[in-house]
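Novice: Single-letter residue listing:
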Amino acid sequence: MAVRPASVARPAPVAGRPLSIRRILEREGAFSWLMLAPGVLFLLAFVAYPFFYGIFLSLEDRRVASPGIFVGLANFVSLAHDAVFWQVTRNTFMYVVVTTILKLSGGLGMALVMNQHFRGRNLIRASLLLPFIVPTALSTVAWMWILDPTFSVVNWVLVHAGIIGSGFSWLGNASLAMWSLIVVNTWRGMPFYGITLLAGLQTISPDLYEAAAIDGASVTQRFLYVTLPVIKPVLVIVTMFSVIFTFGDFQLIYALTHGGPANATHVFSTWSFDIGMSAGQLGMGAAVALAILPALAVLIVGLTIYLRRE
Amino acid sequence: MVGGHDFLSQLRRLYLPLVFFVVAMLFPFYWMLITSIKPNRELYSQKIMPLMVHQPTLKHYVDLLWETNFLTWTYNTMLVAVVTTLVSVVIGTMIAYPLARMRFPGAAVVAIGVAATYLVPQPLLFIPMSDIINRLELGNTLSAVMLTYPTLLIPFCAWLLMGYFKSVPRELEEAARIDGASRFKAMTRIVLPLCTPGLLSAGIFSFTLAQNEFLYALIFLAKSEVRTVPIGVVTELIRGDVFYWGQLMAGALLGSVPVALIYSFFVEYYVAGLTAGAVKN
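Chains as they are written, first to last, in our numbering: chain A, 1 to 310; chain B, 1 to 281.
These aren't lab readings, by the way, just hints derived from the structure by calculation.
A portion of the hints provided could be inaccurate.
[Stated by the list, open to error] Examples of chain A residues toward chain B, derived with CB under 10 Å:
#	residue
1	E26
2	I55
3	L57
4	L128
5	T136
6	L138
7	S269
8	T270
9	L307
Nothing here was measured: the structure is a model prediction, and the numbers come from that model.
Every residue, glycine too, gets a C-beta built ideally from N, C-alpha and C.
Kindly generate the complete structure, drawing on both the sequences and the hints.
Specialist: Next comes the structure, spelled out in structure tokens:
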């Protein structure tokens with residue numbers, strides 16, 4: 001074996017170093033993953049982990065400040081036998097379905113009105129969005145006062161207009177309370193539909209309408225065969241997003257009714273808060289929260305498929 | 001085309017519905033404002049016409065600012081909103097950029113994962129999250145919300161920014177790279193400046209979402225000194241006695257001012273962002 005003389009220098013490392021670090025950073029894969037790493041790790045730790053931890057909790061009898069006992073599906077079984085659970089399910093679906101119909105139709109109307117030419121349009125568009133941008137808890141407080149049992153301005157107007165004899169208890173009566181929530185949620189969410197649909201309408205070329213008008217299409221026909229097909233993608237996406245987020249609505253209901261009177265306005269999120277946080281039954285609370293997962297999963301998968309296709 | 005005799009149809013198709021929408025959307029704010037400047041004897045009388053103020057007063061504002069922790073809550077809210085917005089826009093950019101402009105193994109999985117974290121609603125996460133925050137011993141600290149708000153904001157920023165980053169032509173970046181710019185330089189010097197509107201949109205949205213957040217703040221901030229405005233107003237200004245509405249409305253109105261101001265300066269960016277990616281609320 002020939003032994004290299006010690007004097008022969010090893011290849012200078014200086015030549016290799018700038019090459020390696022810079023080269024690695026120039027590779028798409030390495031650059032991408034270095035950029036992604038902090039965010040992805042954070043989301044894994046604070047979204048993915050809590051999500052799966054929640055599933056684990058729902059399988060335990062777990063109270064605050066005491067170790068949990070694994071109970072399998074017992075929480076879900078007792079929920080299925082709980083009349084309140086089914087009431088909460090009905091409430092949630094009613095809240096989501098009715099507000100979605102109202103927000104969609106009202107928002108479409110708003111967009112069609114705003115799509116005409118008039119002075120001060122930008123200012124009005126900006127102010128119509130206010131319900132959507134102001135912190136919900138704060139605007140809900142204004143609604144509490146509007147619907148106050150004794151000093152409700154709605155009652156004052158109705159009574160003085162001679163429409164009703166005495167005021168309603170808007171938040172104290174079970175079915176009125178649900179409708180009050182629906183009105184407030186619609187008020188808050190409609191501008192979102194209105195302004196996004198308006199953006200969709202503005203992409204329609206006036207030529208299309210003129211061509212349709214020349215062909216003798218009526219206003220209704222023009223809406224059905226020109227307007228709707230063009231804004232359909234926006235319509236579907238906005239609606240699905242809104243439905244997903246309405247399912248998760250918490251603060252409006254919590255601030256306005258706390259789920260009352262007598263569970264009449266509890267939805268999954270507020271009921272799960274009551275059980276998990278106020279009563280400290282973390283396992284059962286997590287199980288309640290997970291009950292929206294099937295409906296939500298269908299929506300999310302549907303939305304993902306739709307977005308891919310578009 | 002539209003002639004002068006069409007005024008009635010204009011009225012029916014434009015002005016009446018327009019007035020309806022404006023009144024319906026803005027009445028609660030009008031109500032907030034006039035309630036906050038009414039003296040108590042006007043507020044709690046069923047005889048006085050409530051739709052206007054007869055003798056305005058600023059007493060409720062004075063009480064709110066001097067007798068409650070409102071200013072502390074405002075400071076907390078601003079601090080949390082600014083910090084979480086900055087963090088979320090930076091990390092959102094770092095996620096969106098490679099997803100929008102690079103090809104690398106695992107990209108599809110990350111993209112789907114980010115979309116999923118964006119759509120998972122808070123009510124699914126708050127119970128396990130409360131346990132995690134307890135274990136980290138962050139209860140009743142602003143760190144608890146500074147740590148959790150980005151879970152809502154980062155996926156949103158990433159989602160919104162991806163669209164903007166995709167729109168910058170590849171040729172611009174390649175030209176810079178041929179001139180010797182590194183990938184990082186090409187990003188910070190070429191692509192990001194062109195996406196300033198997108199970054200502004202993401203920032204404004206994050207700021208309003210952070211100001212609006214309620215559930216985590218409610219769970220994690222149980223002491224008055226660390227509360228944010230929405231929590232302070234709802235949990236402390238609503239009291240057992242009857243005579244608190246003026247102060248409550250003053251708080252609701254003042255609490256809305258920062259968001260409304262920022263919004264009014266950047267309406268166009270806000271609307272652009274709204275239509276670019278549907279918004280979490």
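Novice: Going through the earlier hints one by one, which of them does the structure break, listed in rising order?
Specialist: No numbers; nothing is violated.
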